[in-house]
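Fit chain B to the supplied structure of chain A, relying on the hints for placement.
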Amino acid sequence: MRYSPEEILEVVNMLTREDLDIRSVTLSINTLFASSHDGRVVLDRLSTLERIMSRFVEAVYLVQEKLGVRIVTKRIAISPVQYLLEPNPREELVVEVGKLLDGMAKGTGVDYVGGFSAYAERGTSRGAQVLLNSLAEVLNSTERISGALNAGSTQSGLNVDAVKQFVSQLFQMSPKASSRTAVIVNSPQDSPFIPSAHHGPGMPNASVNIAVSGPGVIAEAIRRSKPFTFQELYEVVKRAAFKVTRLGELVGRAVSEELGVNMGAVDLSLAPSPTVGDSVAEILETMGISRVGGPGSVAALALLMDAVKKGGSMATNLVGGLSSAFIPVSEDPIMANRVREGYLELSDLLAMSAVCNSGIDMVGVSKRVGHERITALILDVLTMGIVLNKILGVRLIPLEAGPGEEVDLGGLLGKVVVADVKEVEVSQFVRMGGFLPTPIKRLETG
Amino acid sequence: METAVIVVIGVDKPGIVAGISSALAKRNVNIVDISQTVLRGIFAMIMVVDVEKSQVSIGELRRELQQVGKELGVEVLLYHGEVFKYMERV
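Going down the list, the protein sequences come from chains A and B. In terms of the working numbering, the first sequence has 289 at position 304, counting the first letter as 1, and numbering is strictly consecutive. Here the working numbering runs 1369 ahead of the position in the second sequence, where the first position is 1.
Chain B with its partners taken away, still in its complex shape:
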């Protein structure tokens, strides 16, 4: 499994999870974990996904998700799982 972490920041409203999830499904990216929290006082959705079988590069996926985010009025960030492994685990 090659993981990536997606963080969606913005005002909570219907359609965010569906919009991001369908963009991921379209590229064969599997959602491993999903949680919601509050970041800087605003809604944040965190998804851990498996990009191993993704049909596009991680950079391309980031651009596609950011486009979806733009349409939904939310900010989308995507980082490779290694960033969290290196910084949060010894």
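This is chain A alone, in the form it adopts within the complex:
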């Protein structure tokens, strides 16, 4: 097969100059074989994952070497730990399981283990309750463990009591621990991203899910083509998204083949990183919104999202995960700047969540705001997800600092800026207990 020098240089430019890489290869494994009423048996059985982790890391390394494409993180997604706890609902067991898997991840070079998660849309089962009670302790005492609470869905409604318990745990977490958890609705079963990654029900015993990172490619494509019409802009984004996704498809197939497991899903999401030139905000600003958060931001993001999905869905049959444009504020240097400068507020992020599948992500909040207003903020995002039938979540970093201040979490997590939460009394609303019933949209499916 022959390629023109332009074609070759286009790819080389994407891989070297525009920060195109594979954000994550996630091996999703059914770990329910470890289920037992005896905690020692659970730990013994889970310890067999060490060999799988080593082999997985080696396979990813081999594919990276062969293709010459950078793979930034290697992750394992396990069955929601909630289910391991149903026969043996003890908080000490969650912590022991966390420490065991964290140690094995460190020893083998796995960057994250996702799946310290629970489904509690309509109510909180024994296993989910124990997991929720231990979440802060597990995340504070580990470095690579991650998990999410699926607190609601369009099918089942929203468990507000569970959200409140999540918030109570969140306030006990260190900033780094809180970056490894989220509260979410309509959680996907095959996400390669942390903290939503887990081995969901209905999946084969093992599969490989892929996340790509290509905001720099999209921004550069727009900059180069200088489109005059929205149709031209759309076409440019669609084409670039196609190429980015194809790289994900290739790496997913190569790792799956190397491991002898199913190829799972390619998440079409554009994931930024705290590197200049790898920012979703940069794409929107390149489109002509000079400061993200300004009028037109939602329209620009909606156009971007739709074009990315159309281009991406042509590039792979195996679309999965969140497939969105992520707007994790701290991980996107331009987003973080716009929050600090006052252009981007929580209400803007909420509005933008209506057209992408991320939600309010990696935003700092002052602990002084208190549980009730944070719960209300989370309910805003989650109910939007339920009513619009979208995957949406909230990942907040509670900090001692006040609005406008920032804390550097380092690495891919970036600098967390504390956003301003309006000083409005909401306790009468939030203090009500129970769950929000299913929305009318539920009836569309029967």
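Source of the hints: derived by calculation from the structure; they are not laboratory data. Nothing here was measured: the structure is a model prediction, and the numbers come from that model. Watch out, some of these pointers could steer you wrong.
The calculated label-pair distances, taken between Cβ atoms and stated as ranges, are [stated by the list, open to error]:
(1) B/Glu1444 / A/Pro186: 47 to 53 Å
(2) A/Asn247 / B/Gly1428: 22 to 28 Å
(3) A/Val392 / B/Glu1440: 44 to 50 Å
(4) B/Gly1428 / A/Val392: 17 to 23 Å
(5) B/Gln1424 / A/His22: 38 to 44 Å
(6) B/Gln1424 / A/Lys84: 43 to 49 Å
(7) A/Arg353 / B/Ile1411: 52 to 58 Å
(8) B/Glu1444 / A/Glu326: 36 to 42 Å
(9) B/Gln1424 / A/Thr260: 35 to 41 Å
Note that the Cβ used here is the ideal one computed from N, Cα and C, for glycine as well.
Same frame as chain A, now just chain B:
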């Protein structure tokens, strides 16, 4: 045939093609196509090679070529042909 693409970026000077070619020949890697162009305003040489009969893995070959590149004062990149097939062909 198992193809790989080598891109050499740097100031054009005598010895670059010879240096890279001899490193490839040493490992039984055949040059399928070669072209020159300008990338980011500087000289770029693109080689499509066949690594099927290479005596070393593609990762090892990359490291050897990057060492040669270092001695010649140029940057050497090597990617598997599948990357271009997936991204540039439907």
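Hint check results:
Checked against the given bound of 47 to 53 Å, the beta carbons of glutamate 1444 of chain B and proline 186 of chain A, roughly 48 Å apart, stay inside it. Distance hint for asparagine 247 of chain A and glycine 1428 of chain B: a CB-CB separation of about 26 Å, consistent with the stated range 22 to 28 Å. Judged by the Cβ atoms, the range 44 to 50 Å given for valine 392 of chain A and glutamate 1440 of chain B holds: they are separated by roughly 45 Å. Take glycine 1428 of chain B and valine 392 of chain A: their Cβ atoms lie about 39 Å apart, and the range 17 to 23 Å is violated.
For the pair glutamine 1424 of chain B and histidine 22 of chain A, the beta carbons lie near 56 Å from each other, so the given range of 38 to 44 Å is not met. Evaluation of the 43 to 49 Å hint for glutamine 1424 of chain B and lysine 84 of chain A yields a pass: the beta carbon distance comes to about 46 Å. Between arginine 353 of chain A and isoleucine 1411 of chain B the CB atoms are about 54 Å apart, so this pair conforms to the stated range of 52 to 58 Å. Here the CB-CB span from glutamate 1444 of chain B to glutamate 326 of chain A is close to 37 Å, well matched to the stated 36 to 42 Å.
In this structure the supplied range 35 to 41 Å holds for glutamine 1424 of chain B paired with threonine 260 of chain A, their Cβ-Cβ distance being about 37 Å.
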